[in-house]
Amino acid sequence: MTSKKTVIQLLLLCGVLGLSSCAGKPPAATVSQMSQAELAVQQASKSKAPDYASLELYTAREQFAGAQEAMHQKEYTQARRWAERALVNAQLAETKAEAEQTRRAAAELRQSIEALRREAEQPASARR
Amino acid sequence: MNKVTRQYLLLYLMISTVIGISLVGCSHTPPRPAELDQAWTAYAEARDTPQVASRAPVALREAEETLLRAEQIWDKDQDVKEVQNLAAVARQRAEIARAAAAQKQAEAELEELTASRDRLLLEARTREAQRAQEQAERAQREADQAYKQVRATTTQNAQLEQELATTKEELAAREAAAREAAAKAQAKHRPRTR
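Residue numbers (my numbering), protein chains in the order written: chain A, 5 to 132; chain B, 40 to 233.
Looking at chain A on its own, in the form it has when it is part of the complex (with noise of 0.2 Å):
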């Protein structure tokens, strides 16, 4: 009699069990790394990325979409993968963004400081 009872919940339990890994439950730490990774797409996207740093954000997207589409397949590890992937390359891109961006502003400033001395130099000469 108990001996019934203790393989039915045994069985009730592996029921459980098999459900609940059966349903599809993303595990916590693909989830995590998925709203990560959509998060960094979505700033790099706004940031100068696409104009300095297409090709490492087209990377990113790239590899979240294939992180959507692992999650569809119910593949999470595979997902969770592609998210890391997905992050780390749309921080880079910008962050090549950002370096690319100053570096364009340090170019146009020595730009005008240039001509600011020709200005500064020209008149001395002309009145001498």
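You may find that some hints are simply not true.
To be verified - Cut-off 27 Å, straight-line C-alpha distance, at most; resulting in silico cross-link-like pairs (DSSO-like, lysine-lysine):
#1 B:K120 x B:K143
#2 B:K143 x A:K52
#3 B:K120 x A:K29
#4 B:K115 x A:K78
#5 B:K143 x A:K78
#6 A:K52 x A:K9
#7 A:K50 x B:K143
Said to hold, decoys possible - Computed from the model, here is a short list of chain A residues facing chain B with C-beta under 10 Å:
#8 P54
#9 R84
#10 E88
As the list claims (entries may be wrong) - Partial chain A-side listing against chain B, Cβ under 7 Å, derived:
#11 K9
#12 T10
#13 P31
#14 L43
#15 K50
#16 V92
#17 N93
#18 L96
#19 T99
#20 K100
#21 A103
#22 A109
#23 E118
#24 L120
#25 R122
Honestly, the hints are just simulated from the structure, not real lab data.
Glycine is no exception: its CB is placed at the ideal position from the N, C-alpha and C atoms.
Got chain A sorted already, so can you dock chain B onto it with the hints?
What follows is chain B alone, placed relative to chain A:
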């Protein structure tokens, strides 16, 4: 001599045991992914670049942590796919460190340039003010000179006028004297004609 050979024998035994064990181990585990070592190389290159090490230590540490995690996973479960993925992530993190260092450097340069532009603008403004002051001073000097000249001319005019007046007076006096003399002379002649 005997002792030495025994030591050698022991060493040989130890080495062969180690090799044997590792061979057995190898036969069970998949080969270590080349990506992991490549990622270590990429990380080391970034770390050994002084600018990256000094300007992007956080990004470098993240790359290193990813690599260490990959090593851990490799040691524990030899999950080739997971390790390959982590190696790729670590490589990109090393790249992020490089980009972050470049960004910091460009920022520092921008700051320096901004300072030198401000200095140049200040210099230009000072120079302009100086020039304006010089111009004002020159104008003042010129005005002073003109005033002096006018004054000198005026004094000269006054002198001339005075001289003229004196001459006129003299002339008038002389005329008067002449008239008087003429009148006197007429007076002498009149009685005779009468």
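Hint check:
Pair hint B:K120 plus B:K143 does not hold up; C-alpha atoms about 34 Å apart against a cutoff of 27 Å. Taken as a hint, the B:K143 and A:K52 pair is honoured in the structure, with Cα atoms around 16 Å apart against an allowance of 27 Å. This hinted pair checks out: B:K120 and A:K29 have alpha carbons roughly 22 Å apart, not beyond 27 Å. About 25 Å separates the Cα atoms of B:K115 and A:K78, which keeps this hinted pair within 27 Å; it holds.
For the proposed pair B:K143 and A:K78, the alpha carbon gap of about 41 Å is over 27 Å, so the pair is violated. Using a Cα cut-off of 27 Å, the hinted pair A:K52 and A:K9 is violated, with the two alpha carbons roughly 65 Å apart. Between A:K50 and B:K143 the alpha-carbon distance is near 21 Å, which keeps this suggested pair within the 27 Å criterion. With a cut of 10 Å, the hint placing A:P54 at the interface with chain B is violated, because the nearest CB-to-CB distance is about 16 Å.
At its closest, the beta carbon of A:R84 sits 9 Å from a beta carbon of chain B; the interface hint therefore holds under the 10 Å criterion. For A:E88, the interface hint holds, the least distance from its beta-carbon to any beta-carbon of chain B being 5 Å, beneath 10 Å. Nearest Cβ of chain B to the Cβ of A:K9: about 38 Å, over the 7 Å cut. The hint is violated. Interface restraint check: A:T10 against chain B, minimum CB-CB distance 33 Å, threshold 7 Å, status violated.
Against a cut-off of 7 Å between C-beta atoms, the interface hint on A:P31 is violated, since the closest Cβ of chain B lies about 14 Å away. With a least beta-carbon distance of about 16 Å to chain B, the hint placing A:L43 at the interface is violated under the 7 Å criterion. With 7 Å as the threshold, the beta carbon of A:K50 stays out of range of chain B, its nearest partner Cβ sitting at about 17 Å, so the hint is violated. Annotation: interface hint on A:V92 holds; nearest CB of chain B at approximately 4 Å, less than 7 Å.
Checking A:N93 against chain B by beta carbon gives a least distance of about 6 Å; that is within 7 Å, so the hint holds. Evaluation of the A:L96 hint against chain B yields a held restraint, the C-beta minimum of about 5 Å falling below 7 Å. A cut of 7 Å between beta carbons decides the hint on A:T99: the least distance to chain B is about 4 Å, and the hint holds. This hint holds: A:K100 has a C-beta 5 Å from the nearest C-beta of chain B, less than the 7 Å allowed.
Hint status for A:A103 relative to chain B: holds, with the closest Cβ pair at about 4 Å, below 7 Å. Given hint, A:A109 at the interface with chain B, holds; its Cβ is 6 Å from that chain's nearest Cβ, closer than 7 Å. Restraint check, A:E118 versus chain B: the minimum CB separation of about 10 Å is more than 7 Å; hint violated. A cut of 7 Å between beta carbons decides the hint on A:L120: the least distance to chain B is about 5 Å, and the hint holds.
The closest approach between the C-beta of A:R122 and any C-beta of chain B is roughly 11 Å, which is over the 7 Å cut-off, so the hint fails.
Hints 1, 5, 6, 8, 11, 12, 13, 14, 15, 23 and 25 from the earlier list are contradicted by this structure; the remaining hints agree with it.
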